[in-house]
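Line order of the protein sequences matches chains X and E. The opening residue of the first sequence carries number 1 in this note's numbering; numbering runs sequentially from there. The opening residue of the second sequence carries number 1 in this note's numbering; numbering runs sequentially from there.
Hints listed in this document are in silico derivations from the structure and should not be mistaken for laboratory results. One should not assume that every hint holds.
Remember, identical chains collapse to one label, so a pair may be satisfied in a single copy or spanning two.
Stated by the list, open to error - No farther apart than 30 Å at their CA atoms in a straight line, the calculated lysine-lysine pairs in the DSS-like style are these:
1) Lys170 to Lys268
2) Lys243 to Lys261
3) Lys243 to Lys154
4) Lys293 to Lys170
5) Lys40 to Lys116
6) Lys118 to Lys79
7) Lys56 to Lys239
8) Lys79 to Lys287
9) Lys220 to Lys293
10) Lys130 to Lys70
Computed from a prediction, not measured in an experiment: that's the story for all the values here.
Number of protein chains: 2
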Amino acid sequence: MEAENSFISVDWGTSNLRIRFISDPNFQIQGEFFYNHGLKKMNEIWKESKEIFPNKKNYLLEKLIEFIDKTLFEHSNIKNIIISGMASSSIGFQELDYSPIPLDLFNPNIILKKIKWKGKTISLISGIKKNDDVMRGEETQVIGIAEEFINQEKVLIIIPGTHSKHIYCKDGIITDFKTFMTGEIFNSFAENTILSQSIEYDNFNDEYETSFISGVEQIKNGRSLINAAFKIRTNDLFKINSKKDNYHFLSGLLLGEELLKIDLSKTKKIIVYANPQLGKIYTMALKYLETNKEIICVTEKKLAKSQALGQFKIYQQSISEKSQLSNYEV
Amino acid sequence: MEAENSFISVDWGTSNLRIRFISDPNFQIQGEFFYNHGLKKMNEIWKESKEIFPNKKNYLLEKLIEFIDKTLFEHSNIKNIIISGMASSSIGFQELDYSPIPLDLFNPNIILKKIKWKGKTISLISGIKKNDDVMRGEETQVIGIAEEFINQEKVLIIIPGTHSKHIYCKDGIITDFKTFMTGEIFNSFAENTILSQSIEYDNFNDEYETSFISGVEQIKNGRSLINAAFKIRTNDLFKINSKKDNYHFLSGLLLGEELLKIDLSKTKKIIVYANPQLGKIYTMALKYLETNKEIICVTEKKLAKSQALGQFKIYQQSISEKSQLSNYEV
Numbered sequence: 001m002e003a004e005n006s007f008i009s010v011d012w013g014t015s016n017l018r019i020r021f022i023s024d025p026n027f028q029i030q031g032e033f034f035y036n037h038g039l040k041k042m043n044e045i046w047k048e049s050k051e052i053f054p055n056k057k058n059y060l061l062e063k064l065i066e067f068i069d070k071t072l073f074e075h076s077n078i079k080n081i082i083i084s085g086m087a088s089s090s091i092g093f094q095e096l097d098y099s100p101i102p103l104d105l106f107n108p109n110i111i112l113k114k115i116k117w118k119g120k121t122i123s124l125i126s127g128i129k130k131n132d133d134v135m136r137g138e139e140t141q142v143i144g145i146a147e148e149f150i151n152q153e154k155v156l157i158i159i160p161g162t163h164s165k166h167i168y169c170k171d172g173i174i175t176d177f178k179t180f181m182t183g184e185i186f187n188s189f190a191e192n193t194i195l196s197q198s199i200e201y202d203n204f205n206d207e208y209e210t211s212f213i214s215g216v217e218q219i220k221n222g223r224s225l226i227n228a229a230f231k232i233r234t235n236d237l238f239k240i241n242s243k244k245d246n247y248h249f250l251s252g253l254l255l256g257e258e259l260l261k262i263d264l265s266k267t268k269k270i271i272v273y274a275n276p277q278l279g280k281i282y283t284m285a286l287k288y289l290e291t292n293k294e295i296i297c298v299t300e301k302k303l304a305k306s307q308a309l310g311q312f313k314i315y316q317q318s319i320s321e322k323s324q325l326s327n328y329e330v
Numbered sequence: 001m002e003a004e005n006s007f008i009s010v011d012w013g014t015s016n017l018r019i020r021f022i023s024d025p026n027f028q029i030q031g032e033f034f035y036n037h038g039l040k041k042m043n044e045i046w047k048e049s050k051e052i053f054p055n056k057k058n059y060l061l062e063k064l065i066e067f068i069d070k071t072l073f074e075h076s077n078i079k080n081i082i083i084s085g086m087a088s089s090s091i092g093f094q095e096l097d098y099s100p101i102p103l104d105l106f107n108p109n110i111i112l113k114k115i116k117w118k119g120k121t122i123s124l125i126s127g128i129k130k131n132d133d134v135m136r137g138e139e140t141q142v143i144g145i146a147e148e149f150i151n152q153e154k155v156l157i158i159i160p161g162t163h164s165k166h167i168y169c170k171d172g173i174i175t176d177f178k179t180f181m182t183g184e185i186f187n188s189f190a191e192n193t194i195l196s197q198s199i200e201y202d203n204f205n206d207e208y209e210t211s212f213i214s215g216v217e218q219i220k221n222g223r224s225l226i227n228a229a230f231k232i233r234t235n236d237l238f239k240i241n242s243k244k245d246n247y248h249f250l251s252g253l254l255l256g257e258e259l260l261k262i263d264l265s266k267t268k269k270i271i272v273y274a275n276p277q278l279g280k281i282y283t284m285a286l287k288y289l290e291t292n293k294e295i296i297c298v299t300e301k302k303l304a305k306s307q308a309l310g311q312f313k314i315y316q317q318s319i320s321e322k323s324q325l326s327n328y329e330v
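The shape of chain X in the complex, shown without the other chains (with noise of 0.2 Å):
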């Protein structure tokens, strides 16, 4: 591909904004950049000048092509811009439905908006939905994985997160998932309870992993997770562990809690998509609950090729489609 195939691909959430630049074949990623400009912070923003930019969707476009620009990257001859993430959501440019699943991973047909700006194409892609979940964005990088990890077994995929998600495939189509509040439960307890006087931030290494599998064990062994996270206040009071100790109790309970029920009889191998400390405790938890299945660990350093790659398949879908022109918006 030359420049008319290359692609800025873009991942905005709820707290960051990444932009790649894409050049096919082989999804080189010739720059990337990172701005703590989450669609959270830009809603407040934008509220603060509503009077001047009354349209917020106008105002995002504007704000990313001001972003795109900043990068000082040459984008002139790149016209596709293609978006996942919380943008399509009620606090980015515009609501799009979830399209439901069971999704076909190698024929990904998922809701896709086209938007033209200012000489480029914007193609917003919307997320997933079951009767009672939600997800957008991690359908894409599941997607991007989707050639080198998944096959016809039965795979689950785990990404961690403030709201994690285990995503169940089976033959290459994802037949369900489950969102887990891990991450902002975690933070909640740590933060906003009694329990927060006894716990201190460390990073994980060797000599928490007794703490770690000892907050697993609890619930293993069928406590209640609001009942067990009160013994990180005794282990406090009668000093039977440090705070920092406690902190990785506590990642122990939550993981233990996430990853317990596990459905095993749709899953032969489980991928967990996390960075290197991330994948190291869950593969942890998972031996220590006798999942018994195969742990393939991805990196963070495949997110981004995987996201853009996952772009790129919906955006090929969309544009194979019948339907794609009642797609575009202009």
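Go by the hints and put chain E onto chain X.
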């Protein structure tokens, strides 16, 4: 008893201060007064005036007498003040060690510290502990209802709250107890997470029964709390439930999580010690979870009296002990 045997019953907790004037026999409550000056607030006020009052214990003793005077209840001839609750913790007058379980409710041997102050004798009651749990105050309430409600059977007493307590008794002895962070986690979900946008408070009434039971059902069916809670977001996104319904769904989730794993082998009847509204939803949840035990709701009207009675029994037990002198501090 004349005034000599009357006493001032004080429950000084984290958030509130309750002062009651008791005359024996029959534990008539002659006067009951409430201040929202819990020890958390008092500690903050003290820190500001630390230079004038360097000794926190003396400061709190001084303030307690001021609050008692403020009630305008004639108390010059009442010499005994008995205090339970967080007053014996690190945020109170003086941190007392917890007494271990098992604890005989009919001969309650709990650490009690006597302090002479301005013509009064102040008896500070400690709490109880097991290897990984603690409480301060609830055991006093249980001692107070022991004669009326707790016999030779196996009884579980549930005291809902910020930190709900499950207290297992056998033959009138506390053999085990567990703390559930139900109220605190509820608030933390409702105020500090993404769910806050999808929840609106309303008093429980019959129209919310379906939503409440639906929450309990999620947990009963084996769904993880941190996964099921995300249903509140989709209930709102998909407009399945009102925000008020979501409030009671979350309440059902948390009561389900608290009540699912009750140790039924240690329970013949369940006493729920709460206001009528809480008593009602706890009873509903317990029945839905098919605990199949007799449930007795002890209303809060009993609370004041039983707390005072519990305090008096601990006090009497302490003066019947040889060790009484060592309890004194002048």
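Comparing the hints with the structure gives:
1. Lys170 to Lys268: within (10 Å within a copy, 47 Å between copies)
2. Lys243 to Lys261: Close inside one copy (28 Å) and across copies (28 Å); limit 30 Å.
3. Lys243 to Lys154: neither (40 Å within a copy, 37 Å between copies)
4. Lys293 to Lys170: within (15 Å within a copy, 44 Å between copies)
5. Lys40 to Lys116: Within one copy only: 24 Å inside, 58 Å across.
6. Lys118 to Lys79: within (10 Å within a copy, 84 Å between copies)
7. Lys56 to Lys239: between (53 Å within a copy, 24 Å between copies)
8. Lys79 to Lys287: neither (47 Å within a copy, 63 Å between copies)
9. Lys220 to Lys293: Result: close both inside a copy and across copies, 17 Å intra and 27 Å inter.
10. Lys130 to Lys70: For lysine 130 and lysine 70, neither the intra-copy (38 Å) nor the inter-copy (60 Å) Cα distance is at most 30 Å.
In this structure, the hints that do not hold are numbers 3, 8, 10, in rising order.
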